[in-house]
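S.K.: Given the coordinates of chain R, assemble chain S onto it according to the supplied hints.
Residues per chain, in single letters:
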Amino acid sequence: MLLEVSGLAIDLPSPAGARRVVHDVSFSLAAGESLGVVGESGSGKTMTALALIGLAPDGAVVSGAVRFEGLDLARLGEDAMRKLRGDRLAMIFQEPMSALNPLQRIGAQVAEPLTLHRGMTKASAWAEAVRLLDRVRLRDPERIARAYPFALSGGERQRAMIAMALSCAPDLIIADEPTTALDVTVQAKILDLLASLGEQSNMAMLLVSHDLAVIARHCRRVLVMYGGTIMESGPVDAVLRRARHPYTRALLEARPRPGAPRGERLRAIAGAAPSSASALVGCPFAGRCPLTLDVCRTTPLPTIEFEADHRVRCHRVDADGRLT
Amino acid sequence: MSAPLLEVVDLVKVYALARPGWFAPRPYRRAVDGVGFVIEAGRSFGVVGESGSGKSTLARAVMALERPTAGVVRLGGRALNDLPRRELRATRAHIQMIFQDPYGSLDPRQKIARIVAEPLANLAHVGRAERAGRVDEALGAVGLGAADAQKYPHEFSGGQRQRIAIARALITRPKLVVADEPVSALDVSIQAQVLNLMSDLQREAGVTYLFISHDLAVVGYICDEIAVMFHGRFVETGPSAALLDKPAHPYTRELVDAEPKLAEKPLPPPEPPPRPDATTGCPYAARCLHAQARCLEAAPALRPLGEDRRVACHFPFGG
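From first to last, the protein sequence lines are chains R and S. If you use the numbering used here, the first sequence closes out at 324, no skipped numbers anywhere. If you use the numbering used here, the second sequence closes out at 643, no skipped numbers anywhere.
So here's chain R without its partners, still in its complex pose:
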């Protein structure tokens, strides 16, 4: 396994004491595989991604194990972690403008990991940067390399970010809402590009998104998170066609269906997501879930695997994946 996460928990400091934002998250990712993490705001998806690469916010207490190519990342020092980041592990953020240095030419920023991790000379790193900008299908890569970030459109910046992330041919790329700020047409092209580059170089991808449809299109497996907990996980087709968790089902039904008759009511999920779940014992979805029983609030969630690799954490689903 390329990446193995087991029992990951994250506590954030708050005036009222530690607040647990991620509970007992476990999953694994094989080389070259694509895994999507879907969830709404407050689901813990971004915090999970940040913790994987050692970028959890100051004061966060991360427990559990994160193994990457056999290395225990949690025990790795900051220096060793920095060596790994940008080299074997890369990250793409939602807003490229905040991740790019506004005062440095794009080419220099794409070349930086190459001089840092690969010991390339400035000139050969620049030439490689131009090649990378071409690889992410930016038109006129030489002009883009000489440009500053402000001169690029949102889509071009995000492509430049991808070029930077790909520079050292990482084994794993973590993309947190990489296209949420972009137009749909640009979004589709960038995610298709990322997926095809991943396939070409056997790079694994962890794609974090609030949009289940985006993940359905670009990933093979999916984790559905809610309230800091994985609710359902499995191959994308299985989770979409045979969603078992009441939350996954609600998520699937909440979006307008294309071609649905006008005025058909959407299945809204009543209430709002929990803001914190420090004292969580049972299911974080209890209360909003129409199937809530007492047991949901009082008993830790069981994990039910009812078909190959398709798991659900719910008190109301039995071993055959049926609602009880």
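Careful, some of the hints might be misleading.
DEER-style ranges, computed between Cβ atoms [to be verified]:
(1) R:A151 with S:G428: 25 to 33 Å
(2) S:A529 with R:A270: 20 to 28 Å
(3) R:A270 with S:E528: 13 to 21 Å
Rather than coming from a laboratory, the hints here were simulated on the basis of the structure. Glycine included, C-beta positions come from ideal geometry on N, C-alpha and C.
M.R.: Here is chain S on its own, set in the frame of chain R:
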């Protein structure tokens, strides 16, 4: 025949941009470039397009927040541009707006009652007692209680805040609600609550919407009719279902194909061959997979295509 609720005729809005050099001529940008449509009372009209397509400028011009360079916006047959300031204020009460960001559009230091009542200030005839009643009524319509009126915005979730924004828009009992990306900032589960509410209000209170969004599925859900906007122009208009099901314009098809769907996994569209941006021809030609020589020479006009539909394309699908 009575006048339609909203009539927009040949609307143009040109912005002057910064000069690239001291002696260079000032460049202009035609944000809205000759757009026309009508909305009958009780109907909903959606405008979809990408960032920079001019859809928000169009919304602001309809709200009379932006003075059009040319063209007319008529509400109930009266042109907003010609109204004296005093009458414009009173007329504005008939048009209300819902913005994208439910956090930024509510003043954090004011109680909900005051936020929701604010548009009534433009209406001289609404007294104190009636004001309180109207606040309760508006909050009730969006599923909030009278007790919520004494709270502050931070005590509410994102979805509740957008309901408060909707209550504020409804308090003057407006004829037209202009909603600019009203659910884009909300989580999927909350989006559904707000969309259901908007469609209930239309059915029960006969609210008319001008709905601006980049999200085809959402626009298709709320709107009877859709206009697809590109570079300041409508490139296609028609009834929602027909337009989304069988796009006639290649740009509409690009949008429909790009929309992530749960059902199937489409192949990525091929990248179009690079072409210079056309100055004379169709504005979409540079990106169009089906562009031909004629598309680079002359810009197509918006013309009828079958029943209730219009398209600005020399070679529309099914045309």
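S.K.: Does each hint hold? Answer for all of them.
M.R.: Going down the list of hints, with the structure as the test:
1. At roughly 28 Å, the beta-carbon separation of A151 (chain R) and G428 (chain S) lies within the given 25 to 33 Å, and the hint holds.
2. Between A529 (chain S) and A270 (chain R) the beta carbons are some 22 Å apart, a value that agrees with the proposed interval 20 to 28 Å.
3. Take A270 (chain R) and E528 (chain S): their Cβ atoms lie about 20 Å apart, and the range 13 to 21 Å holds.
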